[in-house]
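Novice: Here is what each chain is made of, one letter per residue.
Protein chains: 2
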Amino acid sequence: MNIEKKRSPISPKVIERLTQYLRHLENLSPEDFISSKELEIRTGFTATQIRKDLSYFGEFGTKGKGYSIRNLYNNIEKILGIQKTNNIIIIGIRRLGGALVEESEFTKESFNIIGIFDNSKSKIGTEIKGIRIRDIKEIPFFFQSKDRIDIAILTVPKKAAQQITTLLIKAGVKSILNFAPINLDIPNNIAVQNIDLYAKLQELNYWKEHRI
Amino acid sequence: MNIEKKRSPISPKVIERLTQYLRHLENLSPEDFISSKELEIRTGFTATQIRKDLSYFGEFGTKGKGYSIRNLYNNIEKILGIQKTNNIIIIGIRRLGGALVEESEFTKESFNIIGIFDNSKSKIGTEIKGIRIRDIKEIPFFFQSKDRIDIAILTVPKKAAQQITTLLIKAGVKSILNFAPINLDIPNNIAVQNIDLYAKLQELNYWKEHRI
Numbered sequence: 001m002n003i004e005k006k007r008s009p010i011s012p013k014v015i016e017r018l019t020q021y022l023r024h025l026e027n028l029s030p031e032d033f034i035s036s037k038e039l040e041i042r043t044g045f046t047a048t049q050i051r052k053d054l055s056y057f058g059e060f061g062t063k064g065k066g067y068s069i070r071n072l073y074n075n076i077e078k079i080l081g082i083q084k085t086n087n088i089i090i091i092g093i094r095r096l097g098g099a100l101v102e103e104s105e106f107t108k109e110s111f112n113i114i115g116i117f118d119n120s121k122s123k124i125g126t127e128i129k130g131i132r133i134r135d136i137k138e139i140p141f142f143f144q145s146k147d148r149i150d151i152a153i154l155t156v157p158k159k160a161a162q163q164i165t166t167l168l169i170k171a172g173v174k175s176i177l178n179f180a181p182i183n184l185d186i187p188n189n190i191a192v193q194n195i196d197l198y199a200k201l202q203e204l205n206y207w208k209e210h211r212i
Numbered sequence: 001m002n003i004e005k006k007r008s009p010i011s012p013k014v015i016e017r018l019t020q021y022l023r024h025l026e027n028l029s030p031e032d033f034i035s036s037k038e039l040e041i042r043t044g045f046t047a048t049q050i051r052k053d054l055s056y057f058g059e060f061g062t063k064g065k066g067y068s069i070r071n072l073y074n075n076i077e078k079i080l081g082i083q084k085t086n087n088i089i090i091i092g093i094r095r096l097g098g099a100l101v102e103e104s105e106f107t108k109e110s111f112n113i114i115g116i117f118d119n120s121k122s123k124i125g126t127e128i129k130g131i132r133i134r135d136i137k138e139i140p141f142f143f144q145s146k147d148r149i150d151i152a153i154l155t156v157p158k159k160a161a162q163q164i165t166t167l168l169i170k171a172g173v174k175s176i177l178n179f180a181p182i183n184l185d186i187p188n189n190i191a192v193q194n195i196d197l198y199a200k201l202q203e204l205n206y207w208k209e210h211r212i
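Line order of the protein sequences matches chains H and C.
The first sequence begins at 1 in the working numbering and counts up one residue at a time.
The second sequence begins at 1 in the working numbering and counts up one residue at a time.
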């Protein structure tokens, strides 16, 4: 499996903001139009920023009317590649991994869990939401037998994270959502996003006593 | 309860980077010294950026030697207020909330869970890790009876999030870690951090096909 990658002129911050625009748009009526100024009020990002971010990808607005909410929503979905279903696997099915499987608000229809892996003897062979939990050792074979795995979600303990990441990359994984509180050592053709809950608590702990 | 807040000249990005410096430092020997150049190599942030971030808070380096890892670590902990234990409550004890209670990697010794709340009749009165699950309706009374609640972690479904947030703020909560995929409407004296798992998956989905 070799996903073709183009070097992007787009900064990660642009993509992060696109996901936030989407989150605001989804609560609005698709029939309506919205101006960048109205989007500024809703999202907190400036109208100039919003127009600039969107201009990287095309001309989505209509002069004098603004953006069709339906069109803008659909276009951002296409940019992010979530207008279609993407295949994900979850490695580590302790409670956090279980939460991701069972709480559909986190994956929605854009992401389809096609594999769950753990190393606990008592869990392997059991099922969550109809998906059988497999041994982590099976990952390489699983990859050979599947068409496409888009994202691996890593919810294993910190001490196991690097070893499993190396195994995932060898097996062909190209992108990883990492919940382990560790900086993974990975080649730069692999996409990684870290979600560090402990770091977020630390940030919030600072801000509870300091105003922005 | 009225936490005194000073308007901070510090940008949220500075605080976010501090948590990342900490994450790198914790794997190094506290006896050693480290230069900002070495920190650049480890963290990916420039030495200039690192020096500037730290200079907001004091003079932590020693000329010609760099930073004492132990001192720098302890100082960043103090800046973030995590050298001491902070009290948190969790609202919504479906699987994600349960994961936060049971997987100590997410809270460590800096954060102590003193209350768990849910609205499910079958859960109220039961215990997780020795902590009794209480009815969400009890939150206002719980606040009156406790010295200090630093952070409320919200892991309720999207549709319930705003209503519970309003209740939390009325009860006296000053900072919220929100996992519900919704933009909470909150007064600007309340600190909020959102962790949007679905948005992170969307970002990663973009980057799996585009190189940074």
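It cannot be assumed that every hint is accurate.
The list treats identical chains as one, so a pair stands whether inside a single copy or across any two.
[To be verified] Below, in silico cross-link-like pairs of lysine to aspartate or glutamate (DMTMM-like), each with a Cα-Cα straight-line distance of 20 Å or less: (1) K78 - E38; (2) K13 - E203; (3) K159 - E103; (4) K123 - E102; (5) K52 - E109; (6) K129 - E16; (7) K84 - E109; (8) K137 - D32.
These are calculated hints, taken from the structure and not from any lab test.
Novice: State for each hint whether it applies.
Specialist: Now for the hints, and whether the structure bears them out:
no.	hint	verdict
1	K78 - E38	neither (23 Å within a copy, 40 Å between copies)
2	K13 - E203	both (19 Å within a copy, 10 Å between copies)
3	K159 - E103	between (26 Å within a copy, 13 Å between copies)
4	K123 - E102	both (16 Å within a copy, 17 Å between copies)
5	K52 - E109	neither (29 Å within a copy, 43 Å between copies)
6	K129 - E16	neither (30 Å within a copy, 36 Å between copies)
7	K84 - E109	within (8 Å within a copy, 42 Å between copies)
8	K137 - D32	neither (51 Å within a copy, 38 Å between copies)
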